[in-house]
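So the sequence shown is numbered by this note's numbering: it starts at 133 and just counts up by one.
Hints may be right or wrong, so weigh each one.
Simulated restraints, written as ranges between beta carbons of each label pair [claimed, not checked]:
id: 1; residue 1: D275; residue 2: S486; range: 35 to 41 angstroms
id: 2; residue 1: R418; residue 2: A245; range: 40 to 46 angstroms
id: 3; residue 1: T503; residue 2: Y273; range: 35 to 41 angstroms
id: 4; residue 1: H343; residue 2: P191; range: 40 to 46 angstroms
id: 5; residue 1: E444; residue 2: A147; range: 44 to 50 angstroms
id: 6; residue 1: P154; residue 2: G419; range: 43 to 49 angstroms
Think of the hints as simulated: they come from the structure by calculation, not from any bench.
None of these values were measured; they are calculated from a predicted model.
Backbone N, C-alpha and C fix where the C-beta goes; we use that ideal spot for every residue, glycine too.
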Amino acid sequence: MTATDPWHRALADLASRSHRVPPDALPAAVAAAVRDLGVAMTIYVVDVEQELLRPLPEPGRPLPEPLPIDASLPGRAYTEVRVRAGQDGRLWVPIVNGTDRLGMLEVALPAGADPDDPALRDGCRTIAGLVGHLLTSKTAYGDGLQRARRSEPMAVSAELLWQLLPPLTFAGDTVAVSAILEPSYEVGGDAFDYALDGDRLALAVLDGVGHGLPATLTTVVALAALRAARRTGGGLAEQVAAVEAALRSQWRDGRFVTAVLAEVEVDTGRVRYVNAGHPAPVLLRRGRAVRALTGGRRPPLGLDLPGAEPGEARLEPEDRLLLYTDGVTEARDAAGEMFGLPRLADLAERHIGSELPAAETLRRLSRAVATYRGTASRDDATMVLLEWSGAAAARTEP
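I would like the entire structure built from these sequences, with the hints used as guidance.
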């Protein structure tokens, strides 16, 4: 793409407009930037529960209906993170920020345009890439983009927690991390965290005792404490000590969190982990669940009780590590039967065998848990999937 290319000029125009555009005017800014190209673009954002693609409103244009992810061509493009052309000539281009899936860009082409033209597709991908960055950066400046992603009011506990979590997906050259948290609008004590610094990836899954806002407050304090320790160079032992001290300093009622804290050397695949009263992570190798990581056991954090030394494991190329909270395996159907670890492992194997991106694997696992429990339970269900391979990053790129 050269400086005289019309797509380059449109990209430069949108970048220039973006500095002062408010969040709710982003669709209009995109439309103005691409007008001379003869195309019309509509931005769809994925809803919080990852069931629908919801259009952003644009003044003067009728608002399209939301599109189901599991039963539409745009939804298929979203799940595969691939550009797809409809029979009507429209292009559907994934919108990502880094590798975090945010939605889809609908591109209505002018008469006679070839939807398979490589230059056209490259131009659309470039615009969609900038839109992804703008959606992320502009969300903090208003409520419109948040509102567009919601189908119902969000509980105070969920509103608090979602503001503190990292993006759902990250991928580097040799590692990919994806997470999902349900129920989206009423989360209680569950949370996740990750951070990649140099050759070291930190992972955490937490589950605060109780439900609703009290559980969320417990988890938020624990999350802040482990981050504070980690960001001053503290390892697993220092993070555990920081969470213990923070919880005991705030509450005297025996409040605690269960957690898995892990450090992964992304160059070697070496994993060190602490399991504080939490379900054991599952190692998947060559598409099969081969074992649980049962080491590093200690009591839940906040009880000031001693624990074992960190456990260790060694990943092999293409390995995956699944961390989850008990709300996943203990989800019950209307008859009271638990979802269970064997069912979770079987579904994980099946979806991993389909070579889907990590984010899509987790989305389908989460939907399976939600369908299984129906309205019988509303306990939090959180999962984090780590992929250690060069191929992991490639599956997240549009």
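Q: Sort out which numbered hints this structure fails and list those numbers smallest first.
A: Violated: none.
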